[in-house]
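Novice: Chains as they are written, first to last, in full-length UniProt numbering: chain A, 1 to 359; chain B, 1 to 359.
Possibly wrong hints are sitting among the right ones.
[Claimed, not checked] Straight-line Cα separation of at most 16 Å, EDC-like style, residue types lysine to aspartate or glutamate; simulated pairs:
#: 1; chain 1: B; residue 1: K158; chain 2: A; residue 2: E121
#: 2; chain 1: A; residue 1: K158; chain 2: B; residue 2: E120
#: 3; chain 1: B; residue 1: K37; chain 2: B; residue 2: D348
#: 4; chain 1: A; residue 1: K158; chain 2: B; residue 2: D160
#: 5; chain 1: B; residue 1: K158; chain 2: A; residue 2: D160
#: 6; chain 1: A; residue 1: K158; chain 2: B; residue 2: E121
[Unchecked claim] Partial pick of chain B residues on the chain A-facing surface, computed with a CB cut under 7 Å:
#: 7; residue: E26
#: 8; residue: F51
#: 9; residue: V125
#: 10; residue: G149
Quick caveat, the hints were computed from the structure, so don't treat them as lab data. Given the structure is predicted, the values throughout are model-derived calculations rather than measurements. Here a beta-carbon is modelled for each residue, glycine too, at the ideal position from N, C-alpha and C.
Protein chains: 2
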Amino acid sequence: MTTEREEQVLRRIDRARRRKARVRDERITLAHGAGGKATHTLIEAVFLEAFDNPLLAPLEDQAVCPAGGARLAFTTDSYVVSPLFFPGGDIGDLAVNGTVNDLAMCGARPLYLSAGFILEEGFPVADLTRVAGSMARAAGAAGVRIVTGDTKVVERGKADGVYVNTAGVGVVEHGFTLGAGRAEPGDAVLVSGPVGDHGTTVMLARGELGIESDLASDTAPLAEPVAALLAACGEGVRCLRDATRGGVATVLNEIARASDVAVVLDESAVPVRDEVRGAAELLGIDPLYIACEGRMVVVVDGARAESALAALRSQPSGERAAVVGRVVAEPASLVLVKTEFGGTRILDVLIGDPLPRIC
Amino acid sequence: MTTEREEQVLRRIDRARRRKARVRDERITLAHGAGGKATHTLIEAVFLEAFDNPLLAPLEDQAVCPAGGARLAFTTDSYVVSPLFFPGGDIGDLAVNGTVNDLAMCGARPLYLSAGFILEEGFPVADLTRVAGSMARAAGAAGVRIVTGDTKVVERGKADGVYVNTAGVGVVEHGFTLGAGRAEPGDAVLVSGPVGDHGTTVMLARGELGIESDLASDTAPLAEPVAALLAACGEGVRCLRDATRGGVATVLNEIARASDVAVVLDESAVPVRDEVRGAAELLGIDPLYIACEGRMVVVVDGARAESALAALRSQPSGERAAVVGRVVAEPASLVLVKTEFGGTRILDVLIGDPLPRIC
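All chains should be built: construct the whole structure from the sequences, respecting the hints.
Specialist: This is the structure in structure tokens:
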């Protein structure tokens with residue numbers, strides 16, 4: 001697939017990546033929250049180092065833990081999206097769907113959410129009521145209950161209206177383990193719908209680009225599509241990841257590294273709406289790095305690709321699900337893109353933060 | 001106990017309290033985060049109204065939920081304490097102990113924590129590493145594992161260094177239910193140690209009072225003292241509450257209201273350190289309203305009061321545990337204090353927020 005010289009370069013990149021993580025910055029930058037390279041380094045160097053334990057170590061979107069005879073899934077996310085309200089959703093349904101989806105990605109049935117609010121002094125109570133209403137509706141739609149919560153208030157200028165944290169608990173009722181480390185050569189890679197809608201919508205809602213558009217966030221719960229996939233393909237499903245911060249590109253890199261395989265992505269097969277493509281061009285960002293909040297990357301046994309596709313397409317808003325790539329053995333831990341013009345390029349993890357506070 | 005006229009007044013107060021909660025403010029104030037009256041009204045009018053479900057409705061510090069055949073305890077708290085580092089602790093061990101204690105208060109065995117960080121751009125990585133180290137040590141001491149997490153970054157000026165959210169999961173291995181609604185006339189009320197250390201320490205650490213003191217936060221895990229209590233008194237234990245925001249006074253009011261009983265507190269029996277009493281006098285605050293982060297209020301069958309006291313005193317830093325009051329039938333839903341000068345006064349829930357951002 002590559003010349004000897006290219007292989008040497010790739011091996012060098014690979015070795016560099018496997019070195020012990022160290023944060024070179026003395027201070028936190030926005031890139032540390034972007035979900036890309038800087039976030040990973042921070043998590044590995046600071047949190048994984050301090051909290052070291054085998055349940056955290058896989059660094060999946062959720063931990064699967066034994067408790068009272070059950071297999072629990074447990075996850076958390078804080079939401080700092082700006083603006084709070086945008087076409088297709090708000091910080092409330094984002095906070096519910098995001099955590100529901102992190103539970104669903106290990107095949108768990110989401111059950112319960114917690115809700116923690118950090119409010120800025122002066123925030124309108126009517127806006128908070130609207131956010132709580134969105135959370136309640138999203139929880140109802142996803143079949144989960146918000147059972148516990150917390151409210152803190154900080155002085156004016158010490159937050160930005162409201163920040164929401166949700167944690168979620170679910171039960172894993174199947175006997176197998178999904179994970180970024182389970183991809184094998186021969187597997188197929190799918191996405192469950194058009195990518196980049198959420199990030200682009202939030203960006204446009206800030207009004208800085210001056211573009212009018214009908215685009216709306218794709219924020220949605222993914223537990224039903226996951227149940228359909230598992231029913232159709234069983235253990236043939238290797239790995240599920242919702243493509244949030246860092247987008248599809250970052251998810252594929254995580255899978256390639258964790259499984260020590262290469263992912264070859266067919267760029268022309270990735271569904272991207274025209275509005276997203278247009279805005280991404282203006283912003284100088286590849287749509288593959290733009291966050292979704294209701295789309296997932298699916299890695300499945302190659303022999304099950306058509307069943308998986310049919311299962312995804314049977315779901316509401318799944319009609320544009322597509323097979324977008326395949327897993328091969330080499331060059332291990334890299335993602336290659338076959339471009340629409342017939343070339344090949346390396347798709348790296350996100351560097352920096354082109355779209356801060358998207359979720 | 002009271003004259004007819006006093007009884008009329010009390011019944012009127014009581015009726016007023018039972019009215020449907022409504023937030024009169026158009027905007028969030030610091031009082032909404034103080035854990036007192038305004039916090040309760042906000043929670044009831046906005047969150048309970050929106051998220052309405054029987055698991056949330058008791059508004060305990062944790063929800064107890066069925067999951068995969070187990071009885072799970074699930075809780076969350078966000079931490080916005082200022083300053084981040086103070087004598088005896090920092091935001092990190094506070095975030096671990098606070099959530100461990102919310103689990104312990106229903107008699108659950110705490111198992112797993114999540115950790116969500118909202119970082120302000122420019123926050124020193126060294127400080128974050130120090131906070132993570134404190135969290136790891138506190139988790140080790142409490143026998144829990146931090147298994148999942150999240151990191152977000154907001155722009156400079158949109159947070160205050162770092163805010164930490166923890167959620168926690170535990171298992172309830174006993175068959176009974178502890179709760180604020182279980183107090184009965186004849187029960188005894190205990191506190192597990194001197195009250196107000198944490199809130200006073202944080203206040204003094206801000207340097208605004210210009211007082212030097214050796215006082216340190218009481219932040220500590222309470223799972224072991226709870227286990228000792230349950231071993232000593234079994235179902236004789238009615239209710240446990242850690243006396244955080246709003247202090248002992250607010251906890252006792254919650255119990256009096258939920259159980260439709262009166263609590264009579266013997267002020268002279270409540271252990272308060274001299275430094276706390278002194279600072280509270282300067283601040284014009286009753287120490288009964290000052291937050292602790294490692295002390296709990298215990299309501300226990302009156303016949304078990306001595307066993308409960310012995311169990312608490314057998315624990316590290318439990319030597320000043322004390323029986324401080326008793327539960328009587330009337331005047332229902334009020335807390336009365338027998339003052340050190342022989343009088344009686346009503347101890348209401350906290351109004352306003354004399355000590356913002358204490359946890």
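Novice: Would you mind marking each hint as holding or not holding in the structure?
Specialist: Against the structure, the hints come out as follows:
1. Straight-line distance between C-alpha atoms of K158(B) and E121(A) comes to about 12 Å, which keeps the hinted pair within the 16 Å bound.
2. Distance restraint check for K158(A) and E120(B): the Cα-Cα separation of roughly 10 Å lies within the 16 Å cut-off, and the hinted pair is therefore satisfied.
3. A hinted pair counts as satisfied when its Cα atoms are at most 16 Å apart, and K37(B) with D348(B) qualifies at roughly 9 Å.
4. In summary, the hint linking K158(A) to D160(B) is supported, as the alpha carbons are separated by about 6 Å, within the 16 Å threshold.
5. The hinted pair formed by K158(B) and D160(A) meets the criterion: a straight-line CA distance of about 6 Å does not exceed 16 Å.
6. The straight-line distance between the Cα atoms of K158(A) and E121(B) is roughly 12 Å, inside the 16 Å bound, and the hint therefore holds.
7. At its closest, the beta carbon of E26(B) sits 6 Å from a beta carbon of chain A; the interface hint therefore holds under the 7 Å criterion.
8. Of the supplied interface hints, the one on F51(B) holds, with its beta-carbon coming within about 4 Å of a beta-carbon of chain A, less than 7 Å.
9. For V125(B), the interface hint holds, since its Cβ comes within 7 Å of a Cβ in chain A; the closest pair sits about 5 Å apart.
10. The criterion of a C-beta within 7 Å of any C-beta in chain A is met by G149(B), whose closest approach is roughly 6 Å, and the hint holds.
When the structure is compared with the earlier hints, no violation turns up for any of them.
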